[in-house]
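Student: Take a look at the letters that make up each chain.
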Amino acid sequence: MKTRYSYGGDEHIFVEMDEEMSLDAFFKSLAMSNAAKDANVDGVREICPANASFQVRYDPDVIAPENMMAKLKEFEEKAINAEKRLETRIIEVPVFYQDPWTHDCVMRFRERHQDPSGTDLDYAARINGYDSAEAFIEAHHSAPWFVSMVGFVSGLPFLYQLVEREKQLQVPKYLKPRTDTPKQTVGYGGCFSCIYSVRGAGGYQMFGITPMTIFDADQKVSYLKDFMVFFKPGDIVKWKPIDRAEYDRILKGVEDGTYTPRIAEVTFDLEDFNTDMNVTNAKLMEALNDV
Amino acid sequence: MTFEVIKPGLLTTIQDLGRPGYFHLGIPEGGAMDRAAMRIANMLVGNPEDAAGLEAVFMGPELKFNHDALVSVAGAEMPVFVDGEPRACWASFAVKAGQTLKFGYLKTGARIYIAIAGGIDTPPALGSRSTYPIGALGGFEGRALAAGDTVPVGKAPANAKERTLDQSLLATQPKPAELRVLPGLYWHRLTKGSQQQFFDDEWRVAPEADRMGYRFRGGHSMEFVEREQPFGAGSDPSNIVDGCYSYGSIQIPGGTEPIVLHRDAVSGGGYFTIGAVISADMDLIGQLQPNTPVRFRQVDMTEALDARHERLARLEKIRATLT
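Chains A and B, in that order, give the protein sequences. Residue numbers for the first sequence follow my numbering, so the first one is 55 and each next one is one higher. Residue numbers for the second sequence follow my numbering, so the first one is 14 and each next one is one higher.
Treat the hints with caution; some may be incorrect.
[Said to hold, decoys possible] SDA-like cross-link-like pairs, simulated, lysine to any residue; straight-line CA separation at most 25 Å: (1) B:K174 with B:F94; (2) B:K205 with A:T57; (3) A:K56 with B:E241.
Derived from the structure by calculation, the hints contain no laboratory data.
Can you make the complete structure from the sequences, with help from the hints?
Tutor: Structure representation (structure tokens):
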């Protein structure tokens with residue numbers, strides 16, 4: 055891992071832990087951005103952590119760019135020694151794979167795709183060496199995922215699967231971003247899954263849809279009363295495949311306030327995970343199944 | 014006090030100076046695209062500069078006032094009428110109860126800013142009244158104005174009086190329009206030839222130009238430095254492991270059409286960026302019409318900061334004459 059620092063115009067500094075994604079890069083980025091937050095540097099406006107990088111927005115009239123840069127570099131040492139352990143939660147997120155709405159959108163934007171002849175799922179299955187879309191879907195939901203970034207639009211989570219590098223699924227983003235994506239589409243780009251929190255533009259491949267609302271500006275949804283955004287970095291997600299009937303049932307439950315996501319409190323320790331993924335994942339699932 | 018929307022125009026939204034602090038959750042700062050014009054519109058009616066007003070793109074709305082009001086219009090050049098009588102842009106004027114504010118065809122620029130003494134008084138969301146339609150947040154019920162909406166206005170400040178801006182204090186713009194860029198971020202992904210080409214080419218604003226970002230067309234496709242794509246990035250050479258985007262940053266998906274992110278920017282994503290338009294030139298983007306020829310000009314940090322200070326000094330001078 056080699057940390058790279060760059061200015062983003064005169065108001066931002068971008069710090070990349072690594073060009074490639076790994077949980078080590080994520081934990082280092084989280085530790086550095088937390089150190090930057092805790093330092094309360096005068097002139098810092100926003101700190102945005104991402105998958106393997108983070109960004110600071112600052113006011114160059116309060117702190118000169120080179121001084122801001124020097125400050126951030128000081129935090130790198132701290133980050134290396136930071137504890138790689140999170141008190142977090144695991145959440146079950148229901149997914150209706152191959153649903154009619156994302157399928158319709160998949161077909162509408164075919165000319166922007168690498169393979170206009172098939173669907174996003176067929177393409178993803180093929181390039182990842184799976185015999186069928188069903189086998190690919192199975193791989194997508196069998197192991198849990200880690201929220202490594204929240205952003206793009208309103209509370210959209212990026213998720214990284216908790217499996218060995220060889221088992222990671224990878225797909226390119228659309229050649230040209232779409233101008234539309236259904237709300238709550240479960241998408242995929244690079245090695246990341248995501249949930250489109252709202253309807254809008256997007257470049258990720260589309261696999262399915264969740265009936266679970268994850269952003270509500272009006273905060274009417276029962277489990278979003280405290281804050282309009284559901285996810286935060288460090289959350290762990292387990293996809294649960296559902297059919298149309300279950301989708302409709304949950305959708306109604308979200309609307310009438312009777313649906314509550316299944317959630318368990320857990321601890322995630324990066325070293326334990328790196329030592330034995332299967333044991334760590336089994337423990338995570340156990341916590342969820344106990345709910 | 015209220016006014017009624019008779020016709021909303023093309024896209025008229027309530028905006029102020031934005032809601033910083035939530036970009037890490039994907040909620041952008043938002044606010045007026047042309048910040049200086051919004052500030053000046055407010056100064057003209059005696060409002061605090063961060064009061065909420067209206068941003069209308071390409072076409073003005075038609076508004077009927079239910080109470081006497083002091084109103085100003087700034088930004089793009091567009092004829093202004095009160096009950097059919099012309100009024101000046103970059104000036105404030107009285108609109109009596111029952112009178113209608115209307116606009117003619119856009120002449121230059123893209124967005125007008127309408128301020129009303131007292132400021133628009135819709136409920137703030139996360140500290141701002143700015144409309145973020147993608148998240149259905151802020152503004153009037155989280156959306157652009159529609160015919161029939163009745164919009165609340167606050168109490169006019171004590172120093173609400175008619176004022177006119179000396180327009181010689183405004184910045185003059187070169188033609189073709191010029192956007193200054195500080196290279197950085199993933200600039201190293203382009204070949205030397207493409208780095209040069211980007212600045213040599215004349216680009217045009219594409220029809221896909223909105224509050225989230227401005228797309229440009231007409232230049233050469235970019236060539237990438239060869240590499241094995243990093244794990245997690247995706248296979249296209251323009252893909253990166255999804256990271257944060259800077260306001261003003263320039264992404265070129267597939268290496269073809271640059272997109273400059275603006276006030277309603279997505280906070281991150283998986284396309285490489287080549288640097289960012291400097292803060293001093295962000296307002297100008299909000300006044301570019303589709304098909305406008307544009308050149309990008311390379312600057313360094315010193316020039317970026319000089320331009321930033323020049324813009325602030327210009328605003329300070331205007332402030333001194335209007336308050």
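Student: Next step is simple, just say for each hint if it's right about the structure.
Tutor: Status of each hint after checking the structure:
1. B:K174 with B:F94: holds, 19 Å
2. B:K205 with A:T57: holds, 23 Å
3. A:K56 with B:E241: This hinted pair holds, its Cα atoms lying about 17 Å apart.
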